[in-house]
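Q: Protein sequences appear in the order of chains A and B. Once you know that position 301 of the first sequence is 301 in the numbering used here, the rest is easy, because the numbers rise by one and skip nothing. Once you know that position 96 of the second sequence is 1096 in the numbering used here, the rest is easy, because the numbers rise by one and skip nothing.
Just so you know, these hints were derived from the structure itself, not from any lab. Idealized CB from N, CA, C, for every residue including glycine. Any given hint could turn out to be false.
Below, computed lysine-lysine pairings styled on DSBU-like, alpha-carbon distance capped at 35 Å [stated by the list, open to error]: (1) B:1117 x B:1038; (2) B:1145 x A:281; (3) B:1029 x B:1053; (4) A:37 x B:1006; (5) B:1029 x A:281; (6) B:1145 x B:1038; (7) B:1212 x A:37.
Cβ-Cβ distance ranges computed for the label pairs, FRET-style [what the hints assert, rightly or not]: (8) A:38 x B:1033: 53 to 59 Å; (9) B:1151 x A:230: 48 to 54 Å; (10) A:128 x B:1070: 47 to 53 Å; (11) A:295 x B:1144: 42 to 48 Å; (12) B:1151 x A:153: 54 to 60 Å.
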Amino acid sequence: MFSLKVLTGGLLGWSLGTNDAANIFGTAVSSQMVRWKTAVTLIAIFTTIGAVIGGSEGLETYSKLSNQTLDTASTICLAAALAVTAMTLLRLPVSTSQAVVGAIIGVSLAQNGIFEWSKLYKVVLCWVGTPVGAAILSMIFYPLLARLIRRLNLHFFTYDYLMRTLLIIAGIYGAYALGANNVANVTGVFYKAGAFGKVGLENSKFAALLFGGITISAGAVTFSKTIMMSVGKSIVKLDSFSAFIAVLSEAVVVHIYSLIGVPVSTSQAVVGAIPGIGIIKGMKTVSFSSLFKIMIGWIMTPIVGLVIAYTLLGI
Amino acid sequence: MVFWKKNNIVIDMVEEYLQKAEECVGLLKIGFTHYLKKGLGTEFDAFIEKTHKAESSCDDIKIKIESAMYEKSLIPESRGDILSLIESIDQIPNNAEHILYSIETQFLETPTEIKDKLEQLLNININAFYELTRAARALFKDTSKIQTISNNIDKEESASDYLERTIIRYIFSSENIAPDQRILFKELVGKLGSISDNCEKTADTIAIIAVKRIV
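This is chain A alone, in the form it adopts within the complex:
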């Protein structure tokens, strides 16, 4: 039996699912290219598959960062969930991965415990690399795929159908990448604490990944519609092809980081892809105030996670 403390991880997974589903299918759903029910069904299936098939590298990374007990793991997830909520209330772009890492550091510092600072540089580099990578990928994908589509000389019914299909394919891939990359945020610390069985055993790893995948899916299925519509509409200013490129770039970059084993933010990947498309199209797609907000979110999220975790353990 799992400890009830694992439920804090479930809560974090649920919140992650509610927020990040919008980064995958927000544009397609809000522009009515894809029905919300279809979108969340695909997210539920492919996030879970992604978590189970591709999530083990992330689990290993979090295992190496520090040692956890069930209590500290639960504190980390609770702190991260509170940090995500606080940042969301402040309307700042938030990364669950950053909140979790901040909370891990906070718990380690509070306990005067061990924290592998040397492992942290790889994680921070990946945080920076996420939006930058997505921007570069979108600048590569856009002209290549645009040229291909121009050659097809499609009339507008066929074009719309193709766009819907591409948005679904990119969404499926995005859901897979989300599960593979972000499952470690949900169950990484619990896996290390032995909540799913002995660390290193295939069964315990499978249970951790499956639990994480299911909770992220649950978030998408139960509560993502409102966020999907509002986030999607802020991205939908882009045409459907640009939206497809943004989601594809996000999915590829997040998938790459899941192979490296570093959980990153899908929101930051999307935010990076959009100015990349803007550069290619010669138009302004992001404002300096938005960039400033992102920078603030970047710095604040791990700090808030750290402070909350430190405080919670102090209490």
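Chain A is fixed; fit chain B onto it per the hints.
A: Chain B alone, transformed into the frame defined by chain A:
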């Protein structure tokens, strides 16, 4: 395969609508030319009747397209674009019918000296409409042609505006036209000229539909 079938059904219905609209506007041309040459009478009334029937058919097809768009559950973006396109084109057959009815109900007798200019104005506006239906068809076949067709419509609209002003100026400076008739003829000229105005607006809609899908 289902997708192609659904699309083809809608495209066929739009083509049916365009043909009927062309028939209606074609009848305006024949009817109006007949009026300029032979004046009011039973033959002219027959043209009004035919135009009215063609316009009613346009409305029927429009309703059929609207229901089909929802029944075939097309992508909302495509659906919205098609519906706004048809709605915009449909103002022209309505106008065609209205022009003939206003001649008949107001017993307008055109002064000989403006007949040629009115015929010229009619032809310019009818040409603008045929260019418009060409643009609408290009949307389903070859969108690269739309810009050129749009430019043609712009030219026709400018020519129509110029001619409208010339005719109205003449109407108000002529001593052969009674003051009450002047207002009626000014309205008639305005209605004829509004065909190319509507064509220009609809061509812009078509251009936007196409541009939204250029990558």
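Q: Would you mind marking each hint as holding or not holding in the structure?
A: Results of checking the hints against the structure:
1. B:1117 x B:1038: holds (16 Å)
2. B:1145 x A:281: Status holds; Cα separation ~23 Å.
3. B:1029 x B:1053: holds (15 Å)
4. A:37 x B:1006: Given pair residue 37 of chain A, residue 1006 of chain B holds - Cα atoms ~23 Å apart, limit 35 Å.
5. B:1029 x A:281: violated (46 Å)
6. B:1145 x B:1038: violated (40 Å)
7. B:1212 x A:37: Holds: residue 1212 of chain B and residue 37 of chain A sit about 27 Å apart, inside 35 Å.
8. A:38 x B:1033: 53 to 59 Å: holds (55 Å)
9. B:1151 x A:230: 48 to 54 Å: At roughly 41 Å between Cβ atoms, residue 230 of chain A and residue 1151 of chain B fall outside 48 to 54 Å, so the hint is violated.
10. A:128 x B:1070: 47 to 53 Å: holds (48 Å)
11. A:295 x B:1144: 42 to 48 Å: With Cβ atoms ~43 Å apart, the hint holds.
12. B:1151 x A:153: 54 to 60 Å: violated (21 Å)
Checked against the numbered hints given earlier, this structure breaks hints 5, 6, 9 and 12; the rest are met.
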